[in-house]
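Peer 1: Residue numbers (the numbering used here), protein chains in the order written: chain A, 1 to 189; chain B, 190 to 462.
Just so you know, these hints were derived from the structure itself, not from any lab. On a predicted model such as this, the values are computed, not experimentally measured, just so you know. Don't be surprised by glycine CBs; every beta carbon is placed ideally from N, CA and C. Worth double-checking, as some hints may not be accurate.
[Unchecked claim] From the derived model, a few chain A residues whose C-beta atoms are all more than 10 angstroms from chain B:
(1) Leu7
(2) Glu8
(3) Glu11
(4) Pro134
(5) Gly135
(6) Ile158
(7) Gly184
[What the hints assert, rightly or not] Below, computed lysine-lysine pairings styled on DSS-like, alpha-carbon distance capped at 30 angstroms:
(8) Lys56/A x Lys250/B
(9) Lys56/A x Lys396/B
(10) Lys460/B x Lys56/A
(11) Lys460/B x Lys396/B
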Amino acid sequence: MDEGGDLELAEGLAAGDVEALARLYDSYGALAYSVALRVLGDPGRAEDVVQDCFLKLWNNAERFDARRGSLRTWLITAVRNRSIDYLRGRGAHERQEREIPLDAEASGQGSDPWHEVATAIERDVIREALASLPGEQRQAVELAYFGGYSHREIAEMIRVPLSTVKGRMRLALEKLHSYLQARGLVYDV
Amino acid sequence: MTYDEHDELESSVAAYVLDAADAREGEMARAHIEGCAACRELARRLTRAAVALPLAADEVKPPERLRSRIMAAAEAGPPAHSAPVSSARVLSMARASRRSLDPTRPGRGLRRLLAAVAAVLVLAGIGGIGALAINLKQQLDEQNRRVDQLNSDLSKAKQVSTPGPIYHTLNGSGPLAGASGAVTSQPNNQPGIIFDFNGLPQLPPGKVYEVWLIDGNNVASRVAVFRPDAFGSYRVVSNKSLSGVKIVAVTVENGPNGVDKPTQTPPLAGKVA
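Turn these sequences into a full structure, and let the hints steer you where they fit.
Peer 2: Printed below as a string of structure tokens:
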């Protein structure tokens, strides 16, 4: 879904158009559920998290600003964060959400008819990018992002200095950025 | 700031972006990023990579009922900002917010998880703790799914045989001039109140918003403490009633547990009787 599609969807959501919500779910529901399930490993909880996040967007759509990031990025980030909150046993209210910077969204999305194809291509590239990382760097990023572990917990878990984990995280993200940028999946300012 | 201090903060940027820094370290990194152009650019670059990570998850098709659940909850009432809340939506909202019931703030980690489970059980009217909790949570989830179905059926049948919920509004002033609140209560002063807050400014560390019910004798009783989400919104579900309550008010108090009595003239308040 392109920026214009996001804008149209956001306007529909803000107007209380349930069809817009249905289209949003049809576009991103599977991705949202997949992320929640990857983090939580519990289908029931994953459903709860996805429902919470869609309804939160539905109830706050008038404040969504499509210029600051895509609906997909907002939604999927919310799903991941809420899932981690579940894992860590903390309320969502304790999280101080960070705004997604401008241009943080991967750009490899086509218009609606090509949405699934575009997403599949993105998925392949991102998996390739992760697979290209040295194992210890990939491990650090995956434990943090999908496992919800802090860098200190990871350092204790794999018995390396905290500074080593920090370095691995940074190197991993730098390499991922370069990999995705080289394939046109990240815009630079 | 020394070169070493900068390097130390810079080394935390990736963990901050991945939400893997400790709370204090993350806050320090956030503050540093705001004031350091080089680290802001680093954070921007790393975030661009991090937002792509969800696509690495194996795609799993969600069960069909999930779409139905979401659509039923949405169709039970329009978004809160565009119209009053329907009685069916009260049920949906109560379920969606069931973890925010308890006005007391539990500790961290396991105690917080147990408190959340306990709040779910209390709201559902189910007793029991400990080993039964997981089983009861599963039962509650199943009940929620049934309630979703009932909501959907009720909505389709347009049944309006019982009195609807009662609505009140709260208006902000002073530092909360842009804030508002909506109070949805059960008819006939039955227990069950939903407070929806919007437009709340973010609070400095250590501060919380505290919700109060004030009776005709100006005696305030606590309802909940909270910090708003990134949208400046928050929803509180309480099992209290508005019986005898004259004013609903919100003050800014010391966190994390709030205080027993308001320490300021409420900057967000509204009459409910």
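Peer 1: Confirm or reject each hint.
Peer 2: Status of each hint after checking the structure:
no. : hint                : in the structure
1   : Leu7                : holds (17 angstroms)
2   : Glu8                : holds (17 angstroms)
3   : Glu11               : holds (12 angstroms)
4   : Pro134              : holds (15 angstroms)
5   : Gly135              : holds (15 angstroms)
6   : Ile158              : holds (13 angstroms)
7   : Gly184              : holds (12 angstroms)
8   : Lys56/A x Lys250/B  : holds (22 angstroms)
9   : Lys56/A x Lys396/B  : holds (24 angstroms)
10  : Lys460/B x Lys56/A  : holds (27 angstroms)
11  : Lys460/B x Lys396/B : holds (25 angstroms)
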